[in-house]
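Enquirer: Each chain, written out:
Protein chains: 2
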Amino acid sequence: MSLWALGIDLGGTSIKAAVVGEDTGLLSSTNVPTAKGSGPGGIVRQLSTIVADLYRSALVTLDPADFAGVGLGAPGAVDPEKGLLSYPPNLPGWSVYPLRDELQQAVRRELLFDVPVSIDNDANAAAYGEAVYGAGRTFRDFLMVTLGTGVGGGIILNRKLYRGPQGTAGEIGFMIIDFEGPGLHAGIRGTIESMIGKTRIVELATRMIESSPTGSLAGRLCGNDYSRLSPRHLEQAAREGDEVALVLWERVGEILGVGLANVTALMDIRKFVIGGGISAVGHFIFDPALATLRQSTLPPMHDGLEIVPALLGNKAGMYGAAALCFG
Amino acid sequence: MSLWALGIDLGGTSIKAAVVGEDTGLLSSTNVPTAKGSGPGGIVRQLSTIVADLYRSALVTLDPADFAGVGLGAPGAVDPEKGLLSYPPNLPGWSVYPLRDELQQAVRRELLFDVPVSIDNDANAAAYGEAVYGAGRTFRDFLMVTLGTGVGGGIILNRKLYRGPQGTAGEIGFMIIDFEGPGLHAGIRGTIESMIGKTRIVELATRMIESSPTGSLAGRLCGNDYSRLSPRHLEQAAREGDEVALVLWERVGEILGVGLANVTALMDIRKFVIGGGISAVGHFIFDPALATLRQSTLPPMHDGLEIVPALLGNKAGMYGAAALCFG
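Residue numbers (our numbering), protein chains in the order written: chain A, 1 to 327; chain B, 1001 to 1327.
Because the hints were derived from the structure by calculation, they are not lab data. Note that this is a predicted model, so its numbers are computed, not measured. Treat the hints with care, as some may be off.
Stated by the list, open to error - Across the chosen pairs, the derived CB separations fall in these ranges:
#	chain 1	residue 1	chain 2	residue 2	range
1	B	1029	A	300	25 to 33 Å
2	A	299	B	1223	25 to 33 Å
3	B	1220	A	306	42 to 50 Å
Said to hold, decoys possible - So, partial list: chain A residues that the calculated Cβ filter (under 10 Å) puts toward chain B:
#	residue
4	57
5	61
6	62
7	143
8	166
9	186
10	188
11	243
12	247
13	250
Stated by the list, open to error - Derived lysine to any residue pairs resembling SDA-like cross-links, with alpha carbons at most 20 Å apart:
#	chain 1	residue 1	chain 2	residue 2
14	B	1082	A	303
15	B	1160	A	163
16	B	1082	B	1069
17	A	160	B	1163
18	B	1198	B	1286
19	A	160	B	1300
20	B	1198	B	1163
21	A	160	B	1268
22	A	82	A	52
23	A	160	B	1309
24	B	1082	B	1108
25	A	82	B	1286
26	B	1198	B	1029
27	B	1082	A	198
28	A	82	B	1167
29	A	198	A	158
30	A	160	B	1247
31	A	198	A	236
32	A	36	A	13
33	B	1082	A	158
Where a beta carbon is used, it is the ideal one built from N, C-alpha and C, also for glycine.
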């Protein structure tokens, strides 16, 4: 027998859900727009319908006796023990909501039996997904960093999620590396996210392009309309050797590397898995990040330092949410 | 019955050793200059003599059946599982040395029986001492910071030492908070230690006094000979309301607070125990540190933030080393 579960990634834009086999990985998946306007109750109904549909379709090939449950990754502060989701960003109208128990009851109404439901923070779910099925499979301990609109993180220690005493651990985006610097995010000065969150990267690139005597391919790629400039333009420009784009990504990598050095100093973690949309830029970020990480840590800590790209892309959350049911 | 053990704090200047009762605390102690010049072998002989003497004197009141062993805190990188001490600073002539096993054999030659020996890093031992007998007794999870010549740290998670995957965790002194700033320590720019290690505090104070139009009581306390200026002068000046000294300690507290905020963001640790010689300055550092810690973390993480002074002073290492034997 081989266990299987449903893994759900609840986002502000879409709900991604999959049937995941413990040994076989992702078997089928679905992706629907989040009914944001319907509030917690509406979203729970939406989730329970998705669960019931996926469950019934899975029974064509899978044994109900091997069903391990439903795992859910959600944005915002999650208390996995109490099953609470608090103030999810991008989901208006929520405060503190007993998401796990409400979902469990709604699923029982659909399927007429009790299904075990586990919930966790979406960054934690993604880190756990990479740990069990992705780039972190061979690492006992690592930090997963998600570079996207925000900069998020999840910590794996001894193959388990490290959530911290109150469940809010892993916030690498709020690590301060330039405490008197110009960057400000959520009222905090000099954080990693204030410097390399997506909009900050584009702002920095715009300034660099405008002050470059020769301009930049990235500028031409967006028709010199910087309101349209995106990380994709900057990535493509770097691949074609554009000097401004190369310097930009080196700077982003350097800032990331300083943050990772702090993780190594404090927690002795030496493996890093980098995901999120921005991570597609690859070695243009990873190489300077690793160089900075080495320069910014003591030599006895250089053994085993490694930065690798995530493998599961935007499926990591579904994988990890399902894997919560196999733990 | 109540267990007892010997706790040793091996330093570059002195060896402090104590008989510690699990329930009764420190029963007797000794303090001898470290025979630095005699190399690892000589120090092991010195340690085994101290152990044998303390053990024999303890038997006047304590039962040998309740003896739990010898715990040792040592400077530098310690591998507690393998019992190795690597390149201790301030102890010339050591490279990688099997300190635990050598000490165990030397003690067997003195006492004619096998004594369990545990070793750990001195900062970890101090943190564990505060956890079991000191300011951390009521905290499940906390970071101990030692403010002295250097800035060290030890992490307690779930009432146990968190040593990290390779045993080097807790190096809060190497946390970078000003990555392009002027401070440099051990080749790394902008670390906490590069900004508030003891010599850096005195350097900063000297600059502040020299550029102050009215001077500072701290300057007068050292006879305006800044080569003699010490944190004690700056502490006394602050207690008497000296403006320069107050601003200095506020700055030190602010820098500490930024470092602690990074620990809260990454590990979700919200309790901090501050020891080491500089910590005697007390609220002049702690108050701005706590204010900065709150300003530099998200509101959902403000619950339970606390900074408290260590309670065991320079005895924390002996307490913690002994407590390693009760674990």
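Enquirer: Within a Cα-Cα threshold of 20 Å, do residue 160 (chain A) and residue 1247 (chain B) meet the stated pairing?
Expert: violated, 44 Å
Enquirer: Measuring from beta carbon to beta carbon, are residue 299 (chain A) and residue 1223 (chain B) in 25 to 33 Å?
Expert: About 41 Å separates the Cβ atoms of residue 299 (chain A) and residue 1223 (chain B), which means 25 to 33 Å is violated.
Enquirer: For the pair supplied as a hint, residue 198 (chain A) and residue 158 (chain A), confirm whether the alpha-carbon distance does not exceed 20 Å.
Expert: Answer violated: residue 198 (chain A) to residue 158 (chain A) is near 31 Å, above 20 Å.
Enquirer: Is the straight-line distance between the alpha-carbon of residue 1198 (chain B) and that of residue 1286 (chain B) 20 Å or less?
Expert: Judged against 20 Å, a Cα distance of about 16 Å means the pair holds.
Enquirer: Given the hinted pair residue 36 (chain A) and residue 13 (chain A), is their alpha-carbon gap at most 20 Å?
Expert: Given that 20 Å is the threshold and the Cα spacing comes to 8 Å, the pair holds.
Enquirer: How about residue 57 (chain A): closest beta carbon in chain B under 10 Å, or not?
Expert: violated, 38 Å
Enquirer: For the pair supplied as a hint, residue 82 (chain A) and residue 1167 (chain B), confirm whether the alpha-carbon distance does not exceed 20 Å.
Expert: Distance ~33 Å between residue 82 (chain A) and residue 1167 (chain B) Cα, so the pair is violated.
Enquirer: Hint check: residue 1082 (chain B) vs residue 1069 (chain B), CA-CA at most 20 Å. Holds or violated?
Expert: With Cα atoms ~17 Å apart, residue 1082 (chain B) and residue 1069 (chain B) stay inside 20 Å; holds.
Enquirer: Take a quick look at whether residue 160 (chain A) and residue 1163 (chain B) sit within 20 Å of each other, Cα to Cα.
Expert: holds, 16 Å
Enquirer: Take a quick look at whether residue 82 (chain A) and residue 52 (chain A) sit within 20 Å of each other, Cα to Cα.
Expert: violated, 24 Å
Enquirer: Regarding the pair residue 160 (chain A) and residue 1309 (chain B), is the alpha-carbon distance no greater than 20 Å?
Expert: Answer violated: residue 160 (chain A) to residue 1309 (chain B) is near 33 Å, above 20 Å.
Enquirer: Would you mind confirming whether the straight-line C-alpha gap from residue 198 (chain A) to residue 236 (chain A) stays at or under 20 Å?
Expert: holds, 16 Å
Comparing the model with each numbered hint stated earlier shows that hints 2, 3, 4, 5, 6, 11, 12, 13, 19, 20, 22, 23, 25, 26, 27, 28, 29, 30 do not hold.
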